[in-house]
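**Student:** Numbering-wise, the UniProt record's numbering puts 34 at position 34 of the sequence shown, and it's gapless, one number per residue.
Heads up, a few of these hints could be off.
What the hints assert, rightly or not - Quick list of simulated restraints, FRET-style, between CB atoms: (1) E117 to S62: 17 to 27 Å; (2) L22 to K44: 32 to 42 Å; (3) K37 to G116: 34 to 44 Å; (4) Q141 to T48: 30 to 40 Å; (5) L143 to S58: 33 to 43 Å; (6) Y59 to E79: 16 to 26 Å; (7) G97 to W123: 32 to 42 Å; (8) N32 to D127: 14 to 24 Å; (9) H86 to H49: 15 to 25 Å.
Everything labelled a hint here was simulated from the structure, so no lab data went into it.
Glycine is no exception: its CB is placed at the ideal position from the N, C-alpha and C atoms.
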Amino acid sequence: MVWHRLDPWPDTCRGIHELNRLFWTATLSNGNLTLLKDMCEHAKMEFTHILSAEMFKSYKPSPKVYLGAAEKMGLKPEECVIVAAHLDDLKAAKSNGFRTIYVERPLEERRPELKGEGFVDVWVGADEDGFISAAEKLGVQVLRGRRRSGSAPGMVETT
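Kindly produce the complete structure, drawing on both the sequences and the hints.
**Tutor:** Structural data, given as structure tokens:
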């Protein structure tokens, strides 16, 4: 049950919140739907859609998962951006027509030699602000400021 209560990277909730200002957002994972819903609820990740590979009766990196997710959202692959911290996920997404953003994490895979391979459109370095930087690179004007007292980490005071 510990998987159902994992805490996200500190920038994730705020980044998703910022992305939601301009885009639909979704989690797309090989985890089952119950797990994903529990994780999102626990961490207060405000995705507009929760998608699981089980919905497409396959697992990533199968094209069925990526293409099924785009179809489920009423989009073409080229209208979607996959943001991930796993290069193999992005390589598969790119091969199915998706745009890609890699969010490099300090304790995840570090393979800078793959930067020029062509399957990552935007590389957010480990020294940047993760999903918040990804939102900025997609054109979201992120409001930088202090948090409201008692608010979730992803919420910013906008007074």
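**Student:** State for each hint whether it applies.
**Tutor:** Evaluated hints:
1. Our hint of 17 to 27 Å for E117 and S62 holds, since their Cβ atoms are close to 21 Å apart.
2. Checked against the hint of 32 to 42 Å, the C-beta distance between L22 and K44 comes to roughly 20 Å, which is inconsistent with it.
3. The hint said 34 to 44 Å for the Cβ distance between K37 and G116, and at roughly 38 Å that hint holds.
4. Take Q141 and T48: their Cβ atoms lie about 19 Å apart, and the range 30 to 40 Å is violated.
5. The given range of 33 to 43 Å is respected by L143 and S58, whose C-beta atoms sit roughly 39 Å from each other.
6. Distance hint for Y59 and E79: a CB-CB separation of about 23 Å, consistent with the stated range 16 to 26 Å.
7. Checking the proposed 32 to 42 Å range against G97 and W123 shows it is violated: the Cβ atoms sit about 19 Å from each other.
8. For the hinted restraint 14 to 24 Å between N32 and D127, the CB-CB distance of approximately 34 Å leaves it violated.
9. Separation of H86 from H49 is about 20 Å and conforms to the stated range, judged on CB atoms against 15 to 25 Å.
Checked against the numbered hints above, the structure breaks hints 2, 4, 7 and 8 and satisfies the rest.
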